[in-house]
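Residue numbers (this note's numbering), protein chains in the order written: chain F, 1 to 541; chain V, 1 to 413; chain X, 1 to 419.
It is worth saying that the hints were derived from the structure and are not from the lab. Some hints here could point you the wrong way.
Said to hold, decoys possible - Below, simulated DSSO-like cross-link-like pairs (lysine-lysine); rule was C-alpha separation at most 27 Å, straight line:
1. V:Lys229 - X:Lys364
2. V:Lys27 - X:Lys364
3. V:Lys27 - F:Lys492
4. F:Lys286 - V:Lys343
Claimed, not checked - Covered by chain V, according to a simulated footprint, are these stretches of chain X (three or more residues, beta-carbon under 8 Å):
5. 77-84
6. 167-175
7. 276-288
8. 315-322
For glycine and all other residues, C-beta sits at the position ideal for the given N, C-alpha and C.
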Amino acid sequence: MNKNISKEYDVIIIGGGATGAGTARDCAMRGLSVLLVERHDFAAGATGRNHGLLHSGARYAVTDHESAAECIKENMILRRIANHCVEENDGLFITLPEDDISFQSQFVDACKTAGIGTEIIDPDFARHIEPSVNPNLIGAVKVPDGSVDPFRLTMSNALDARIHGAVLLTQHEVTGVVKEQNRVTGVELFNHEIKEKVKYYGKIIVNAGGIWGHHIANLAGVSINMFPAKGSLLIFGHRVNKMVLNRCRKPANADILVPGDTICLIGTTSERIPYDQIDNMFVSRKDVDVLIREGVKLSPALAATRILRAYAGVRPLVAADNDPSGRSISRGIVLLDHQERDGLSGFITITGGKLMTYRLMAEEATDLICKKLSVDKQCETAEKSLPGAEKSEHPLSIATEKVYTGANISQKSAKDRHGTLAKNISNGDNYEDSLVCECEGVSIAEVKYAVNELHVNDLIDLRRRTRVGMGTCQGELCACRAAGLLCESSEKSGKAKDDLANFLQERWKGMLPITWGEGINEIQFTSWIYEGIYGLKPDNN
Amino acid sequence: MKFDNIIIGGGLSGLTCGIKLAEQGKKCAIVSSGQSAIHFFSGSFDLLGKMDGQDVKNPLEAIKILPDTHPYQRVGIENISRLVVEAPRLLDRAGLNFFGKADENHFVLTPMGIMKPTWLTIDDFTRFEQNDAFPWKKAVILNFSGFLDFHTLFVQDGLKKYGVDTQIKNFAMKEFEAIRRNPSEMRSTNIAKVFDSGDALDEFAQKVNQLSEGFEVVLLPAVFGLFTKNVALNLKAKVNKPVVLLPAIPPSVPGIRSQILLRKRFEELGGTYFLGDNVEEGTFKNNRLVAVQTNNHGDIKLEADQFVLASGSFYSKGIVATREKLYEPILGLDIDGDTDSEKWLDEKFFNDQPYMHYGVKTDSGFRALKNGKPIENLFVAGSVLGGANALKEGSGAGISLLTSLHVAEQILK
Amino acid sequence: MKKEMFEPFNSSDNNFEQCVKCTICTVYCPVLEVNPDYPGPKQSGPDGERLRLKDQNFYDESLKLCLNCKRCEVACPHGVKIGDIIQLARIKYSKKKPKVRDMILANTDIVGTMASTFAPIVNPIVALKPVRLMMDGVLKIDHHRIFPEYAGMRFETWYRRYAASKQTDFKKHVSYFHGCYVNYNFPKQGKDLIKIMNAAGYGVHLLEKEKCCGVALISNGLIKQATKQARHNVEAFKKSIVDKNMPVISTSSTCIFTIRDEYPHLLGVKNDEIRNESELATRFLFRLIDSGKLKLVFKKDYRKRIAYHTPCHMEKLGWSVYSTALLKMIPGIDFVSLESRCCGIAGTYGFKKENYKTSQGVGKPLFDQIESSDIDFVATDCETCKWQIEMSTTKKVEHPISILAEALDVEATVKLWQK
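Extracted from the complex, chain F is given alone in its bound form:
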């Protein structure tokens, strides 16, 4: 069945990553009518598959001055507008005996030029402030690195876009681009939820599909040369380090260890892959070997730390237009006005860049959109806080002064995850405060909030919103509880069983490359519960 919806949006944004959500927010804040379409879920692509590092820019200071300067600027902005998604941990760039210590001064100079504050510190002091650091270090530089939760960041942007009137559609995959002669006028979508095709129309269509933007451009009849680069990462079971640890040398494989929420992660490897493999990411044993080997050099404790999962993301590298071979790659922000470039109006592409610069990318794209629509409004995304980021009156430390109220863990966790929006999560009710996910402290109330407010279609989406199933047990106890709650709200029990089976498979995929030790004990237990006792099958209907 085809549905044609007559309403014409000012802007249709394709892609629910940080860039798409950020662009939707910026456009909506400037008064445009916005539709955002995403084929799966927010932050399901490259956005959610990186370090979650709040770069200071120091990593690029020596090799890419422009990126470095962008990063530190955005870093400071995110601390302000997204403090509930950010942890201000600081970072160390350490020099190991095998590294050239003379690089340090070059590094510090380059940081200075880019506007990144650095402080050279004594190795002894480095060991003191970051006890997990490789004790053999011979030099350390402190930089304003931090951590950022890409799921929450993207969701906050989407939420703010919605607050400003944007319409958000997940589970809507672009299957065609509607054109009238040399003008793009809309998109044809497949709604995965109800298995239906629909069309939406807009004055400007923004391709913010990341690496998948290559395909979307093709649908529009233009070509962008993208080279997918796979980056693999490992998640460790708990926070080993308090500060971000980097190697003070030219960027290489697996040389960043980022503490984030309850875990820490090491990455990345970098490998060009064929475009047809971008939906088929897997982490090889070789990747795991490299990550552990290099990770242990940053923090030897990693050798004895449980690994929870491995995953890989795809960086969208864009070939410069004058060099289709891909040898000359632009690592910066790429904004393509297809009217100028290809003679196709109503269609722009925003890609390249990195998570850190999503807001800047959105600003540049929105500036171009506004110019095309003759809207004269300034960007305010750098000043206005994202929802949840307002200064909290009740910091976490105050909550702990009370003796156990029975719900402290879930309340503290919710506050940690949703910032001031946690006020929308009911608490104080014995039932609602019950923990669904015991590892990450996710309560019934938080699940309900996510289901009602945060565009949750399935368990995997719920995980991105709340961390259900992201802890040590990877869903062993909580998956079923959460599935039960989701099922209550959707009233589709049959679907919920498949959803549960899919969730277990999705968790399994990440565990596959690292399943040994406690991991294999745990997965056997999980199998006993779901297959043995419950009799769950991959296809229940």
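Could you slot chains V and X onto chain F? The hints should help.
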């Protein structure tokens, strides 16, 4: 410390073996590193539930075509036919009443509302004759308000396929307000403790009778009788219509009760159960294991004429996987499993996982192999044996019960 | 097999990561059952530890409701040191200062020294109802509690006056860590031990200067002082074990458990050189008998029906088998085994007003068992369990060593080795 027999592992196979030996007058000890996997017991013991993905009707017949390497084939079909009669009797003597036939599977309802074939079912639970029908047409599914480990909607969905008209009702009772205050502890075992100690059962049964008016059958999570034996039966007597209990997320209430009763039986027969202790190493002499050293007892070694290894699979650390290799962590025995670690796992969670088949190598008499040679007085039983994916074929409990009885017979010969 | 033989790479050394969330620990936690304000061993232990590593504000003062009975550790199939994780979290993160009451309860030796000196005055005063109500109101020590009486003459004093000189008559020697209870409250237990050891052919000596093992200091958060005392004791033990080749035995399961396991795990005080030779007297005797080096002869007319209660720390040590094996050797004993349950006192825990209800609730299943079994008395290796059981049931409690001493035919035993 000297015993006739020492069993490493205090789960279903260790206890079965220990009880059998102690019943024959042997002085036995069991060393168990913590509580066993009986704590996750579903309520039924499977003999052989599935073959090539299909339900097995007659497990005793179907066993005959299993591969030679399968533990059942190694025990021998004749022995199996005899031991399947003995196993429920041994359980019965421990106060555990199981019902079922080895030559005809019955079915139990899982928490997903699916009928699953099985061999023996404990008397708490209901046995069904058919896998495509439910004997009642109107059912009420009851749950304790806020108990997250029982999923009424999944049960309802399952029953819909059998044409059952169901209604879900949640209810609260003041006796559960205390645990309800704790956000993580509304667990089946904690609910069971309330029924164990207080007089909540009468009020509860009344409530069940009220809520089930107009229905033919009541479905409830299995949260009755943790440390006290007859709670489930008492409940059934007090409710004026059939009660069908369904397992909840582990730990399992009937499982823990079973563990306690089996241990009690073993101890009453004079057995010694060392809980929370680990065997750290063995002393071998001329292909015999003469003593084991444990963490708690240190230089006071535990000596025995025969030893049984019933230490379980990966979950129980009977077998350990590191990045590169598999090993048997207690005595360094030979492992039957792929040396190439990339072959341990299948990329689909629900596929037949190769690692599930792995176990300790033995000779034909279930003697453990170490460096290729059998240890004369060290027998292996239960899921540490390997040779089958017990989860896929529904044979875990059967393998545990029957191999351990068989091994006990070898020792008693 | 011992761990060093296989060094698994990336198999966790962070003990809390060995938790696979099987939830078995929650079944066996005696506190959870009676006090829902306690988050339970899984939440307080491995789950909470990950959160605390993320942000120490996730530490919750309710962790002090943990009895430190370690029954969760005994139950854990994966060797997670749940009790240690919880106690370490208290040590690391608690910002609450110990109350005056806690200091009094914790300093068992200082208080004991003062109290035993004035025992004739202290005992009646502490027993007076108004005094107990005052302690309840001001100090928050529950008024139901009966303080153990203080003995007039300390064990150490008695030993020096009446026993020390005879100990050199023996060929074999051990040191005795008597602990505060024997010293201040119940010297008889120490005398019983000397009687048995002497009959077995061993001279018994005191350590150069023993200090309280510190268990109460640890549980009341006085970690600095506990560490100081631990270091002192380890040195004192070394002088006996390493320098004089004399093992150290004790009659208190809690003292010996603290010295062997809590010193290294909670206080970071290394005890490798002394750990193996620091043990309970019952284990020492069992080893001798089991290896054929000793035979005890018992009186023919000793007839008693007794039940053995396994103290939590004995459950954790796995050593109740030694005490019960020795008791079962006495021909006239009719032995009843009790299901192993916590008595609820947990050292000073049950003395605190806020814990009284929990404490008695925890112990109830044990008390019911004891009351319903037709026995002469209860045997147990722990002095605080003794107080609790004597206060909460109609039965008296004896230490296995005292029972052995009572039943032992000293002359016949001595004759066997003197031959």
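Taking the hints in turn, this is what the structure says about them:
{"no.": "1", "hint": "V:Lys229 - X:Lys364", "result": "19 Å, holds"}
{"no.": "2", "hint": "V:Lys27 - X:Lys364", "result": "33 Å, violated"}
{"no.": "3", "hint": "V:Lys27 - F:Lys492", "result": "57 Å, violated"}
{"no.": "4", "hint": "F:Lys286 - V:Lys343", "result": "15 Å, holds"}
{"no.": "5", "hint": "77-84", "result": "holds (count 3)"}
{"no.": "6", "hint": "167-175", "result": "violated (count 0)"}
{"no.": "7", "hint": "276-288", "result": "holds (count 4)"}
{"no.": "8", "hint": "315-322", "result": "holds (count 6)"}
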